[in-house]
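Note that the protein sequences, when read in sequence, are chains A and B.
So that you can map any letter, position 63 of the first sequence is 63 in the working numbering, and since no number is skipped, the others follow by simple counting.
So that you can map any letter, position 186 of the second sequence is 186 in the working numbering, and since no number is skipped, the others follow by simple counting.
These aren't lab readings, by the way, just hints derived from the structure by calculation.
Hints may contain errors.
Said to hold, decoys possible - Okay, the calculated beta carbon distance ranges per label pair:
| # | chain 1 | residue 1 | chain 2 | residue 2 | range |
| --- | --- | --- | --- | --- | --- |
| 1 | B | 61 | A | 123 | 48 to 58 Å |
| 2 | B | 176 | A | 66 | 23 to 33 Å |
| 3 | A | 233 | B | 56 | 44 to 54 Å |
To be verified - Once the Cα atoms are required to be at most 27 Å apart in a straight line, the calculated DSS-like pairs of lysine-lysine come out as:
| # | chain 1 | residue 1 | chain 2 | residue 2 |
| --- | --- | --- | --- | --- |
| 4 | B | 95 | B | 105 |
| 5 | A | 22 | B | 55 |
| 6 | B | 56 | A | 116 |
| 7 | B | 95 | A | 116 |
| 8 | A | 185 | A | 128 |
Ideal Cβ positions, reconstructed from N, Cα and C, are used throughout, including at glycine.
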Amino acid sequence: MAETMVRLRGIHKRFGELEVLKGVDLDVGRGEVVCVLGPSGSGKSTLLRCVNLLEPPERGEIFLEGHDICKGPNSGTGEQSWELNFVRQRVGIVFQQFNLFPHRTALQNVTMAPEKVLGRSRAEARAKASELLERVGLGDKVDQYPERLSGGQQQRVAIARALAMDPHVMLFDEVTSALDPELVKEVLDTMRELASEGMTMIVVTHELGFAREVADRVVFMDGGVIVEQGPPAQVLDEPREERTKRFLGLVLDR
Amino acid sequence: MSEFFHQYFDFNYMGEHFWEVLEAFLQNVLIFTVVAVLALIWGLVLALLRQLPGKKFLPIRFLTIAYIDLFRAIPILIVILLISGGVPFLEFIPKEIRIPHWLGKPDPFWYGVVALMLVYGAFTAEVYRAGIEGVPGGQMEAARSLGMSHWQAMRNVVVPQAVTLIPAPMLNELISLLKDSTLVSVIAFGESVLISRELLAQSFNSSALTLTAIFFILIILPMARIVDKLIARNQGRIARGSHMEVA
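Put together the whole structure using the sequences plus the hints.
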């Protein structure tokens, strides 16, 4: 496998009494696309949110491009720390609910962080943002406010916004789950293109078709652990584990 | 019945004492104005301190919450009486501060201002907090995920959205504040209620109190209508699926 971008070792996370992650190991190589499947409550979103320290794990290690990002005294306390800056500037995330800034236009959504965090000039940030919005097919929507955009368009702005920080890894947290069915394709196409350009991606999704076609590897989670993983064809068509079979049966039966 | 009208609605009496009562009422407006400015700032400071993230700031958060709870719980009248009765005797404080006569105003004015500011700072802090917490958590998460610090996210993302949620409830607090400015009468500051009661004591006629009430009504009714308008506007936004307008 290529250089390891993300290495998770023994990740544990609990919310109060509820143990959501019970020791997860996962390696993601540079340029690899990993799709994470699993029933709701399996811990897949939490795992994703651990990778950029939105949910700092209680135990376990996370290495990002070889750097241990969990060891800092402040990591995960919500305060600025070397680790947090290191992670947030290398890892982009796209959320199920888009979370665009409603008081800013599409373009301003994309330029805000590069200007405020990376200190880029307004002109430079705008040029790059226009280019990114063009790339996700929204070149004509730059001055629209989010409320004027469809869900699919909003989600593509959110992808452009994350890409504007030049991330090395992109995380996708059920990004099509809140969309009307006819809007899903445009978002998946954008992600497909990103994958073909060699972006390292961890994708939590229910889109089996996307996983089959785009993923280099599929990971199936249940009950806070990885049940099985492998190439899409193997996990989706010839699952070894009973739990995977049952889940796929339920999803495909729809 | 005519007895009653003579006691409370003697328009001749009101006319005779109109300017006296109006001048006293303007003292209420003055207290209100000074306290509103101070409390809006102090409340914002408290609200932001309360939002500080992480373990490091736990003591500050705890103290802030304790302050807010305390001053929301103590009746304002008691705060006024304790401050005016206690501060003058704190001898470690320089005399100019513990018995202030700044800007030509007597010390009861300033005790009242400080007491109301301490209490209303706690109330306005809660309004700010409701505004900040009314912004969906995903906004802060998205901003932080893009590498912004807590303060950058607050300033650029959360506060600009929170301010649109704040005006209506804040105006309600300010209406209460204007009315509570009459409480300063208990420490012998010559505002409208004190003056009206002095007139009552002299003439056994209550119409000055009625006149004072009319002044309050005249100034507060428009404020109440503005509150209604603001609420209607916010509901319009929610109906349109957004609580934002063009920034």
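Results of checking the hints against the structure:
Our hint of 48 to 58 Å for residue 61 (chain B) and residue 123 (chain A) is violated, since their Cβ atoms are close to 40 Å apart. In this structure, residue 176 (chain B) and residue 66 (chain A) break the distance hint of 23 to 33 Å, their C-beta atoms being roughly 59 Å apart. Separation of residue 233 (chain A) from residue 56 (chain B) is about 50 Å and conforms to the stated range, judged on CB atoms against 44 to 54 Å. Distance check on the hinted pair: residue 95 (chain B) and residue 105 (chain B) sit about 15 Å apart at the alpha-carbon level, within 27 Å; holds.
Taken as a hint, the residue 22 (chain A) and residue 55 (chain B) pair is honoured in the structure, with Cα atoms around 25 Å apart against an allowance of 27 Å. Restraint check for residue 56 (chain B) and residue 116 (chain A): the C-alpha separation of about 25 Å stays at or below 27 Å, so the hint holds. Restraint check: the Cα-Cα separation between residue 95 (chain B) and residue 116 (chain A) comes to about 48 Å, which exceeds 27 Å; the hinted pair is violated. Restraint check for residue 185 (chain A) and residue 128 (chain A): satisfied, since their Cα atoms lie roughly 25 Å apart, inside the 27 Å limit.
Consistency with the previously given hints fails for numbers 1, 2 and 7, ordered from lowest to highest.
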